[in-house]
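Chemist: Below, each chain spelled out in residue letters.
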Amino acid sequence: MKTRKYIFSRRIDAYFQAVYEAYKFVLQFWKESFRRPFHIRELVNQCFEIGVRALPLITLTGFIVGIVFTKQSRPSLENFGAQSWLPSLMGIAIIKALGPLVTGLICAGKVGSGIGAELGSMKVTEQIEAMEVSAVNPFKFLVITRVWATTLTIPVLVFYCSFVGLLGSSLNVWAVDSSSTLTFYQNAFSTITFVDLIESIVKSIVYGFTIGIVGSFKGYNATQGTRGVGKAANQAVVSAMFLIFIEEIVIVQIFRWIRFF
Amino acid sequence: MDKLKQHFINREEEVISIKDLYKSFENLDVLKGINFSLYKGENVAILGKSGTGKSVLIKIIVGLLKPDKGHLQVLGKEVNTLSKRELDALRLRIGFSFQSSALYDGMNVYQNLAFPLRMNLKNLSKKDINLAVERVADAVSLKDKLSQMPSDLSGGQRKRIGIARTLILKPEIMLYDEPTAGLDPITSTEIIELINQVQHRFNTSSIIITHDLTCAKCTSDRIAMLLDGKFSKVGTFDEVFETNDNQIKEFFNYNFM
Chain H
1 MKTRKYIFSR
11 RIDAYFQAVY
21 EAYKFVLQFW
31 KESFRRPFHI
41 RELVNQCFEI
51 GVRALPLITL
61 TGFIVGIVFT
71 KQSRPSLENF
81 GAQSWLPSLM
91 GIAIIKALGP
101 LVTGLICAGK
111 VGSGIGAELG
121 SMKVTEQIEA
131 MEVSAVNPFK
141 FLVITRVWAT
151 TLTIPVLVFY
161 CSFVGLLGSS
171 LNVWAVDSSS
181 TLTFYQNAFS
191 TITFVDLIES
201 IVKSIVYGFT
211 IGIVGSFKGY
221 NATQGTRGVG
231 KAANQAVVSA
241 MFLIFIEEIV
251 IVQIFRWIRF
261 F
Chain F
1 MDKLKQHFIN
11 REEEVISIKD
21 LYKSFENLDV
31 LKGINFSLYK
41 GENVAILGKS
51 GTGKSVLIKI
61 IVGLLKPDKG
71 HLQVLGKEVN
81 TLSKRELDAL
91 RLRIGFSFQS
101 SALYDGMNVY
111 QNLAFPLRMN
121 LKNLSKKDIN
131 LAVERVADAV
141 SLKDKLSQMP
151 SDLSGGQRKR
161 IGIARTLILK
171 PEIMLYDEPT
181 AGLDPITSTE
191 IIELINQVQH
201 RFNTSSIIIT
211 HDLTCAKCTS
221 DRIAMLLDGK
231 FSKVGTFDEV
241 FETNDNQIKE
251 FFNYNFM
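Protein chains in written order, with the working numbering: chain H, 1 to 261; chain F, 1 to 257.
Distance windows between CB atoms, simulated: (1) F:K19 - H:V250: 51 to 61 Å; (2) H:I12 - F:S125: 48 to 58 Å; (3) F:F8 - H:F8: 51 to 61 Å.
PhoX-like, lysine-lysine: derived pairs with alpha carbons at most 25 Å apart: (4) H:K24 - F:K84; (5) H:K5 - F:K66; (6) F:K126 - H:K140; (7) F:K84 - H:K31; (8) F:K84 - H:K140; (9) H:K24 - F:K59; (10) H:K31 - F:K122; (11) F:K32 - H:K5; (12) H:K24 - F:K66; (13) F:K66 - H:K31; (14) F:K66 - H:K140; (15) F:K59 - H:K140; (16) H:K140 - F:K122.
Since the hints were made in silico from the structure, they are not lab data.
The beta carbon of each residue, even a glycine, is placed where N, CA and C say it ideally should be.
The task is simple: from the sequences and hints, build the whole structure.
Modeler: Rendered as C-alpha cells:
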C-alpha cells in the first residue's frame, strides 16, 4: 500500500491542483479550437439553445431593470432640477454597465448552470466516455462548441437586454413626463461614445467566454454521481458570477486608462 | 439457452494480449500483474467481486485509462504507444457496451445510432446512414423505436440500443461491461441471446464483464476469475466451477444462493 505525500496539506494541494486543472482546460480549449474537425452544426445548435434558453428571462429582467433604475434615479436628479438628464444617465448606465452585467449574471445562472448540469450528467452516466470510445473527441464536440456558442451569443443578448432596458426606461419617462420617445433615445445615445460601445462589447465577449468555460469545466470534471451533477451546476453559477464581478472591475479600470490616454 | 458452440475460435490469432499489466489509483493497487489473451472468435467472461478492477481492465484495453506498467496489444497494436489518431483508428475496431448503456440523452435513438457514423465516416450519404441504422436496429429487434428518446426506453431496450450503437461501426472486438446488471431474468436472457447472436452474426471476439453466472456460462467460451488484482483461474466454466480454490468456491456459492 502506497501512502500519498502532500507538499503543503491535502486542502492546499487540492486548491492548487484545481487551479492547474482549470489552466490546462483553458489551454486545451485554445489549442483545439482551431484544429479540425469543426463541428459547425453543433455550434449553431448551441447558439440557438443558449439564445432560446435565456431570451425570455433577459427580456423580463432587462425591461424591469430599465423601469426600476429610471424610477430610482428620478428623485435624486429632481433634487438638483436635473431630471432632463435622465435619458442620458439611463443610456450610459444601461449600455455601459447594466446591460452587460445583468445579461452576464442571468446567463451565468441560466446558461452556465445548464452547461454544468448537462456535461456533468453526461460525465457521470458515461456518455462522454462513450463518445471517446466511438473515436469522437468529446472535448471538441461538447466543450469547444458550447464555449464558442456562449462567447458569440451573449454579446447579442447583451445588446438585446440593453435595448429592452432602454425601452422600459423610455416608457417610464414617457408615462411620467409625457416627453417624446424619440427625444429620449436621442438624449440617451448622445452621451454614448464609440469607446463605450467597445467597452460593452468587450465585457459581453469576456462574460460569454467565462460562462461557457466555467460551466464546461465544472461539468466536464464532475464526479460523485448525481450529487456531483448538482454540485457542478451550482459551482458553475457561483464561480462564473464571481469571475464576472472581478472582470467587471478589471475591464472598467482598463477602459478608464484607455480614455485617459 | 446454452451457448451455441458453432463458431470458430482461432487459437493462433490473439486479438488481445496482456502481459504483466499493473494499475493503481492513488494508494489503491487495483490490477497487480494481469496476463491474458483473447483469441479471434472467442468470448471470455471476466468474473470477480465488485471493486476488483474488471471494468478498469476493459477501460485500459480501449485506452480510456492508462496502465502504470505492462504490455497491452490489441489487434496487433501496442495501445500504450499509440498516438491520439492511431488510438482513434483502433477504437473504431472495438465496440464498448457500457453498464449504464451511455445513450446520449439529448438525441433520439436514430441520432444515437447514426452519431458514430456521422462523426467518423464523413463521406457517407444520408441514405447509407439510414441503411446502416436500420440494419443494426433490426439486429437488436428495435427498428420501431428509432424516433423515441432514450428516456422513453426500458432498461433492456437501452442496453440493446447501446449494443447496436457499437455494432454500427462493425467492430472486431466487443467489450461488454455488466450487460445484464439491473435487468429482470427475462430481459437478461434476451441480452444473453443478443450477445451470442452478435458473436455469430458479426464474427466478433468479446470480453464480457459480469457478476451474473448465467450470463457468463451462456455467453462465454472461457471464464477468467479476477481476484486480488490477478486472474486466479482461467478456463471453461466447468473448469473454473470445479476448482479447489476457496475464494472462487465462495464467489460461486454466493452467486448461486
